[in-house]
Amino acid sequence: MREDQQVLARFGRALADPIRCRLLLALREAPAHPSDLADALGISRTRLSNHLACLRDCGLVVAVPVGRRTRYELADERLGHALDDLRNAVVAVEADRTCPDAETEGCC
Numbered sequence: 039m040r041e042d043q044q045v046l047a048r049f050g051r052a053l054a055d056p057i058r059c060r061l062l063l064a065l066r067e068a069p070a071h072p073s074d075l076a077d078a079l080g081i082s083r084t085r086l087s088n089h090l091a092c093l094r095d096c097g098l099v100v101a102v103p104v105g106r107r108t109r110y111e112l113a114d115e116r117l118g119h120a121l122d123d124l125r126n127a128v129v130a131v132e133a134d135r136t137c138p139d140a141e142t143e144g145c146c
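In my numbering, the protein residues as written are 39 to 146.
The following label-pair restraints were derived from C-beta to C-beta distances: (1) 142 with 77: 38 to 44 angstroms; (2) 69 with 95: 17 to 23 angstroms; (3) 47 with 87: 22 to 28 angstroms; (4) 72 with 124: 21 to 27 angstroms; (5) 64 with 132: 19 to 25 angstroms; (6) 125 with 80: 18 to 24 angstroms; (7) 101 with 142: 42 to 48 angstroms; (8) 94 with 142: 37 to 43 angstroms.
Think of the hints as simulated: they come from the structure by calculation, not from any bench.
Using N, Cα and C, we set each Cβ at its ideal position, and we do this for glycine too.
Make a model of the complete structure from these sequences and hints.
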């Protein structure tokens with residue numbers, strides 16, 4: 039049970055930052071080199087490197103040597119499906135909000 043909590047906490051940590059979310063979604067589409075990812079996301083390579091390091095530490099992406107360059111990809115293809123499932127679940131819940139204070143209080 040504790041291990042399950044740690045796994046979910048790592049996933050939550052990765053998703054807690056909008057740039058890391060964008061990175062995961064980009065890598066869900068296809069593996070990519072850091073320079074291409076930085077350009078696509080409009081961020082510096084240094085900033086991208088820090089976010090990729092976090093995602094590697096969380097076990098969600100891996101670095102694959104390709105000649106003299108490094109390509110990044112999701113550590114497991116099931117992560118792409120999990121991201122899709124999570125997004126779809128959140129969208130479904132969002133559409134079904136029944137909390138009367140949601141609009142005024144921003145609580146839900």
